[in-house]
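There are 2 protein chains.
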Amino acid sequence: MAHSRGDTRARILHTAAELFQRQGYGATGLNQVLTASGAPKGSLYFHFPDGKEQLAAEAMALAGAEMAERMAEAVAAAAGPAEAIAALGALLAQGLENSDYRDGCPIATVALEEAGDTGPIHDACQRTYELWLRGLVEQFRGWRLAEQEAQELADLAMSSLQGALLLARVRHDTAVIHAVARRVGAMAAQAASAALGPIAAQGASDR
Amino acid sequence: MAHSRGDTRARILHTAAELFQRQGYGATGLNQVLTASGAPKGSLYFHFPDGKEQLAAEAMALAGAEMAERMAEAVAAAAGPAEAIAALGALLAQGLENSDYRDGCPIATVALEEAGDTGPIHDACQRTYELWLRGLVEQFRGWRLAEQEAQELADLAMSSLQGALLLARVRHDTAVIHAVARRVGAMAAQAASAALGPIAAQGASDR
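Top line first, the protein sequences correspond to chains A and B. 1 is the number of the first residue of the first sequence in our numbering; add one for each residue after it. 208 is the number of the first residue of the second sequence in our numbering; add one for each residue after it.
In isolation and in its complexed conformation, chain A is listed as follows:
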């Protein structure tokens, strides 16, 4: 049945994404993915005929798309840029705490291992980051920020949260994520309030 085939495929992808995230691409063997997912022997090459590279590229794309949905949910209720960035920080901090500091960014470990290369894994990681950034840019645009300003603030928010996630993971303490989100959020809120009108903008920058 197509249904159970799809289940096996999805189970393999989710297991692979989790193992790659936690221990890296290089350290994760296909046999480990097979055993941990409980998939029948032979199903790996049936579903992923191009092997480990295809599996990793699809696992990163899937994990990235799922994270993009969680991010969109987290920021949807935000009243402004500061609240949106705080909500993203809380989402990342919660993921870290809930996994006892094992699950940070679903992409970063593999992205760092593969960043010098080109190929399907690198492309999947790059598309994932741009997907996340696009979501943030569109949120910021909704708060009247100009395209370039929205892009720069999204890059700043994503960079600082990614870096804070790394520090928090190494420290086993999420405080740095919330602190960084607060400061970057304040900056974004200031930019958004300046964008509301030339008088407000002048007030924020000149006084």
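Derived by calculation from the structure, the hints in this document are not laboratory data. Beta carbons are placed, not taken as given, at the ideal position from N, Cα and C, and that holds for glycine. Take the hints with a grain of salt, since some may be wrong.
[To be verified] Label-pair ranges, simulated between beta-carbon atoms:
| # | chain 1 | residue 1 | chain 2 | residue 2 | range |
| --- | --- | --- | --- | --- | --- |
| 1 | A | 49 | B | 236 | 23 to 31 Å |
| 2 | B | 341 | A | 53 | 37 to 45 Å |
| 3 | A | 10 | B | 330 | 34 to 42 Å |
[Stated by the list, open to error] Just a few of them, taken from the derived set where beta-carbon distance is under 10 Å, the chain A residues facing chain B:
| # | residue |
| --- | --- |
| 4 | 22 |
| 5 | 23 |
| 6 | 25 |
| 7 | 26 |
| 8 | 28 |
| 9 | 30 |
| 10 | 108 |
| 11 | 111 |
| 12 | 114 |
| 13 | 125 |
| 14 | 153 |
| 15 | 158 |
| 16 | 161 |
| 17 | 162 |
| 18 | 171 |
Using the hints provided, position chain B relative to the given structure of chain A.
Just chain B now, kept in the frame of chain A:
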């Protein structure tokens, strides 16, 4: 001779640091380190009797200490926090460009692979980040920032530069590092100018 022994040991450590940084801990085998460093067979276990874990912990500590020196040199000539953060960003961007986007942070790849664990590798990565942060905090303190403010700004600068380094590596474009450094630098400069005196501080926050 002690001298040539030290050379072999240092050569192994530098080779290991480079391989771990570029391809990760899990994907790097001891035989590859031995071959790439040109060290005689048997020298690995002679110098690193506890094996790969000891080698990685010492390689991260060495690479981290060398980066700390380069960071200290880069910020030593800075006139203020904005210039210091720009100089750090330029240092990281240059390392990325000079290595054709292979060498980002010497620690991050291994730190992400090992962050869920405790043990000598995790400890070496954590100590390295705290060493880098301490250097920045001391610079910021020299510009009259209070200890807590200096710590928070150092966390923010380090987080945002680390995250920007990851984005830049994936994009094969360092523009994001410079853009993030400019914005975080401007924020740090504002905090430092506010710290110069209560009147200036009130001017920045209340008006």
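A quick look at each hint next to the structure:
1. A:49 / B:236: 23 to 31 Å: holds, 27 Å
2. B:341 / A:53: 37 to 45 Å: holds, 40 Å
3. A:10 / B:330: 34 to 42 Å: Once the Cβ atoms are compared, 37 Å apart, the range 34 to 42 Å for residue 330 of chain B and residue 10 of chain A holds.
4. 22: Cβ of residue 22 of chain A sits 6 Å from chain B, so the hint holds.
5. 23: Cβ of residue 23 of chain A sits 6 Å from chain B, so the hint holds.
6. 25: At about 7 Å, which falls below the 10 Å cut-off, the nearest Cβ of chain B leaves the hint on residue 25 of chain A intact, so it holds.
7. 26: Hint on residue 26 of chain A: holds, closest Cβ of chain B at ~2 Å, below 10 Å.
8. 28: holds, 7 Å
9. 30: violated, 14 Å
10. 108: holds, 6 Å
11. 111: Because about 5 Å separates residue 111 of chain A from the closest Cβ in chain B, which is inside the 10 Å limit, the hint holds.
12. 114: holds, 9 Å
13. 125: Hint on residue 125 of chain A: holds, closest Cβ of chain B at ~6 Å, below 10 Å.
14. 153: Holds - the Cβ of residue 153 of chain A comes within 10 Å of chain B, reaching about 8 Å at its closest.
15. 158: holds, 7 Å
16. 161: holds, 7 Å
17. 162: holds, 3 Å
18. 171: holds, 7 Å
This entry does not satisfy hint 9, going by the numbered hints stated previously; all others are met.
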